[in-house]
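Visitor: Below, each chain spelled out in residue letters.
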Amino acid sequence: MTISKDKIKIEGLTGDSAIAHALRQANLDVLAAYPITPQTIIVEDYQRFAADGEINAAVIPVESEHSAMSACVGASAVGGRVATASASAGLALMWEILYVAASMRMPIVFTVANRALSGPINIHNDHSDGMGMRDSGFIQLYCQSCQEAYDTTLMAFRLAEHHDILLPVMVGIDGFILSHNVERVEMLPDDEVEKFVGVRAPVDPLDPNNPLTMGPLALTDYYFEFKEQQDRAINRVPKVYKEVEAEFEKITGRKYGQFETYKTEDADIIIIAMSTMGGTAKVVADVLREKGEKVGVIRLKMFRPFPAEGIAKAVGNAKAVAIFEKAMSFGAAAHPLAMEVRTALYESKERPMILDFVVGLGGRDVPPTTFVEGIEKTKEYLKAGKAPKYETLGVRK
Amino acid sequence: MMVATKDMPLKEYVLKGNAACAGCQDMVALRHAHKALEGDVIQVVPACCTSVVQSLWPKSGLAIPVLNTAFPAAAATASGVRAALKAKGNDHTMVMVWAGDGGTFDIGLQALSGALERRTDFLYICYNNQVYSNTGTQRSSATPLHAKTTTTWFGKAETEKMLDLIVAAHEPVYQFTANTSYPRDFYDKIMKAKEHPGPKFGHIFLPCPQAWNYPVEKGVEIGKLAVETGYWIQWERIGEEFILGRQSKRFLDPEKRKPIDEYLKMQGRFSHLYKPTRDDKKIAEIEAFIQHRWDVVMRTFT
Numbered sequence: 001m002t003i004s005k006d007k008i009k010i011e012g013l014t015g016d017s018a019i020a021h022a023l024r025q026a027n028l029d030v031l032a033a034y035p036i037t038p039q040t041i042i043v044e045d046y047q048r049f050a051a052d053g054e055i056n057a058a059v060i061p062v063e064s065e066h067s068a069m070s071a072c073v074g075a076s077a078v079g080g081r082v083a084t085a086s087a088s089a090g091l092a093l094m095w096e097i098l099y100v101a102a103s104m105r106m107p108i109v110f111t112v113a114n115r116a117l118s119g120p121i122n123i124h125n126d127h128s129d130g131m132g133m134r135d136s137g138f139i140q141l142y143c144q145s146c147q148e149a150y151d152t153t154l155m156a157f158r159l160a161e162h163h164d165i166l167l168p169v170m171v172g173i174d175g176f177i178l179s180h181n182v183e184r185v186e187m188l189p190d191d192e193v194e195k196f197v198g199v200r201a202p203v204d205p206l207d208p209n210n211p212l213t214m215g216p217l218a219l220t221d222y223y224f225e226f227k228e229q230q231d232r233a234i235n236r237v238p239k240v241y242k243e244v245e246a247e248f249e250k251i252t253g254r255k256y257g258q259f260e261t262y263k264t265e266d267a268d269i270i271i272i273a274m275s276t277m278g279g280t281a282k283v284v285a286d287v288l289r290e291k292g293e294k295v296g297v298i299r300l301k302m303f304r305p306f307p308a309e310g311i312a313k314a315v316g317n318a319k320a321v322a323i324f325e326k327a328m329s330f331g332a333a334a335h336p337l338a339m340e341v342r343t344a345l346y347e348s349k350e351r352p353m354i355l356d357f358v359v360g361l362g363g364r365d366v367p368p369t370t371f372v373e374g375i376e377k378t379k380e381y382l383k384a385g386k387a388p389k390y391e392t393l394g395v396r397k
Numbered sequence: 001m002m003v004a005t006k007d008m009p010l011k012e013y014v015l016k017g018n019a020a021c022a023g024c025q026d027m028v029a030l031r032h033a034h035k036a037l038e039g040d041v042i043q044v045v046p047a048c049c050t051s052v053v054q055s056l057w058p059k060s061g062l063a064i065p066v067l068n069t070a071f072p073a074a075a076a077t078a079s080g081v082r083a084a085l086k087a088k089g090n091d092h093t094m095v096m097v098w099a100g101d102g103g104t105f106d107i108g109l110q111a112l113s114g115a116l117e118r119r120t121d122f123l124y125i126c127y128n129n130q131v132y133s134n135t136g137t138q139r140s141s142a143t144p145l146h147a148k149t150t151t152t153w154f155g156k157a158e159t160e161k162m163l164d165l166i167v168a169a170h171e172p173v174y175q176f177t178a179n180t181s182y183p184r185d186f187y188d189k190i191m192k193a194k195e196h197p198g199p200k201f202g203h204i205f206l207p208c209p210q211a212w213n214y215p216v217e218k219g220v221e222i223g224k225l226a227v228e229t230g231y232w233i234q235w236e237r238i239g240e241e242f243i244l245g246r247q248s249k250r251f252l253d254p255e256k257r258k259p260i261d262e263y264l265k266m267q268g269r270f271s272h273l274y275k276p277t278r279d280d281k282k283i284a285e286i287e288a289f290i291q292h293r294w295d296v297v298m299r300t301f302t
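Line by line, the protein sequences are chains A and B. When the letters of the first sequence are read in order and numbered with our numbering, they come out as residues 1 to 397. When the letters of the second sequence are read in order and numbered with our numbering, they come out as residues 1 to 302.
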């Protein structure tokens with residue numbers, strides 16, 4: 001039964017505020033964070049809830065992001081429900097502890113307002129920070145709207161704390177584009193959220209009555225076995241995510257899937273993009289379809305674990321896949337998203353042409369015209385039967 | 001009245017078969033700390049000798065819950081442990097960091113400062129063997145003047161960082177120095193730490209036979225000489241109240257101190273100061289630093 005409309009609170013919220021509300025309702029034990037633009041509003045709003053006595057959580061105003069993630073590990077190890085928020089350089093400073101958190105199987109929810117990495121210094125959106133941590137062992141979910149940021153943050157706790165998973169989850173929103181833009185957000189009543197997220201039931205927390213060692217030294221003889229278990233855990237995510245989302249859909253009527261498909265069924269060219277670019281891409285697809293061009297969109301939400309089989313199936317018999325991504329892997333065989341997609345499609349019977357367009361670095365706007373330019377190029381390349389390995393669009397050359 | 005050895009709990013929390021080196025004074029310190037805490041503790045350990053000694057999977061070397069974490073992360077991790085315990089209604093369990101000098105003086109200093117400033121209710125123990133022992137004895141900012149390490153082949157050119165003053169500037173509720181050659185004194189200080197909610201800091205002088213290059217049975221002797229030559233000062237600070245330790249009191253007067261040679265000569269890391277002949281200039285520099293530390297400590301705290 002979806003919750004009746006009169007119980008839903010509708011507000012205009014920024015992406016950051018939407019996440020702050022989700023964290024308020026999720027009944028955290030501990031939130032530890034350090035300020036960095038454009039994530040700051042999440043913690044500011046959360047601290048306001050604390051000041052107003054709306055939450056019971058301990059907020060630890062740590063002196064660095066390294067300490068933020070470390071405090072989260074400590075709190076999670078005792079069995080607490082824990083969250084933090086960061087972006088860009090802050091996320092980079094956490095890097096060491098991201099691996100610790102994931103390998104110690106700490107179900108921390110990590111909300112990120114995705115932002116470029118220095119240098120040059122830049123506070124605006126791209127996905128360099130998220131892509132930089134893609135091998136850390138975190139589950140990664142990228143959101144297209146403020147509503148999705150709210151919904152995903154709530155679902156993230158269920159996913160992270162599920163006993164078949166026990167892994168940290170990154171919830172990404174595009175810095176400024178979503179973090180600071182006001183959208184209509186439907187909020188669930190507190191008691192319904194409480195029912196949905198429940199109380200964390202920790203497996204073997206640190207407890208003086210039942211001593212155990214966490215984060216031990218495991219060398220050539222055991223380290224690999226830990227990694228084997230971690231690998232199995234992240235591969236169980238799709239199944240659990242589906243269950244959690246089904247439950248969420250029951251109360252809200254909303255679901256997102258690991259990725260969203262838009263007019264892909266008969267498409268000749270499929271755009272693959274993440275986060276807010278998904279919205280732009282869908283509008284572009286609509287306009288191009290009016291002109292008789294069969295364009296569809298896959299908006300990827302779950303980057304880790306990467307839904308390779310699903311993507312291959314959704315691409316189907318399209319002639320070309322045009323990837324638009326906001327990160328570079330300097331010197332790589334392909335940039336991060338294209339690397340995944342190319343690998344996912346390698347075993348397809350009829351491989352489509354794959355185009356990799358790097359766009360929007362450092363917050364450079366990605367307007368519909370950038371997508372149209374990419375599509376026009378794609379058509380040229382299809383005609384010519386060959387394409388460059390990748391291209392940057394929207395940059396002075 | 002100092003605790004009598006026979007009155008300490010019999011239960012051992014430092015288990016047999018751990019991976020410590022022969023003569024490791026860290027085990028002496030851990031043993032007495034845990035006897036005082038009697039198991040109601042969660043211990044956070046950053047990268048250091050202790051992490052290797054007690055956590056080599058699949059064995060556990062301590063009969064208490066331990067959270068091993070990254071080198072710079074100990075104090076922040078402890079903040080999280082404390083916050084979650086509080087959220088769960090536990091206000092009795094001691095949260096104790098057990099970190100080496102590298103993880104405290106150097107890479108862990110920022111997190112320590114943050115945790116102290118946030119008035120975290122925890123006990124941070126820095127066991128100071130004055131060198132990165134675990135990685136093969138490289139210099140740290142706790143390494144004393146003229147000591148040889150694998151990265152200071154002719155002796156360190158700089159004096160050690162006076163960490164206690166940095167910590168004192170954060171005004172912990174309780175701060176002390178200790179020395180594994182005086183285990184009853186150390187035990188009492190841990191007992192005292194239990195009585196003071198808020199940030200607490202203990203700095204333990206801890207000879208290391210591997211890095212300091214002395215016979216394994218000489219650790220206690222060297223620790224005592226550190227006090228008797230005035231090199232190491234035993235003191236406590238409860239809030240604003242400074243107490244010069246009874247072992248150190250008589251060595252406030254430089255005349256009463258044993259010659260520093262007795263302390264230096266026992267350690268291979270200072271052997272170059274005596275070969276081929278006594279290096280009077282460098283040894284005078286060490287003596288000058290010792291007096292300087294006394295002056296600074298007494299001037300600052302009394």
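Worth flagging that the hints you see were computed from the coordinates, not collected in a lab. Be aware that one or more of the hints could be misleading.
The calculated lysine-lysine pairs, modelled on DSSO-like cross-linking and capped at a C-alpha distance of 27 angstroms, are [stated by the list, open to error]: (1) A:Lys294 - A:Lys349; (2) B:Lys6 - B:Lys16; (3) B:Lys194 - B:Lys218; (4) B:Lys281 - B:Lys6; (5) B:Lys88 - A:Lys195; (6) A:Lys227 - A:Lys263; (7) B:Lys16 - B:Lys86; (8) A:Lys227 - B:Lys59; (9) B:Lys6 - A:Lys195.
Far from chain B by the CB rule (all over 12 angstroms, computed), these chain A residues [what the hints assert, rightly or not]: (10) Lys9; (11) Ala32; (12) Val62; (13) Gly79; (14) Ser118; (15) Glu194; (16) Leu219; (17) Arg342.
Backbone N, C-alpha and C fix where the C-beta goes; we use that ideal spot for every residue, glycine too.
Visitor: Looking back at the hints listed earlier, which ones does the structure fail to meet?
Guide: 3, 4, 6, 7, 9, 11, 12, 13 and 16
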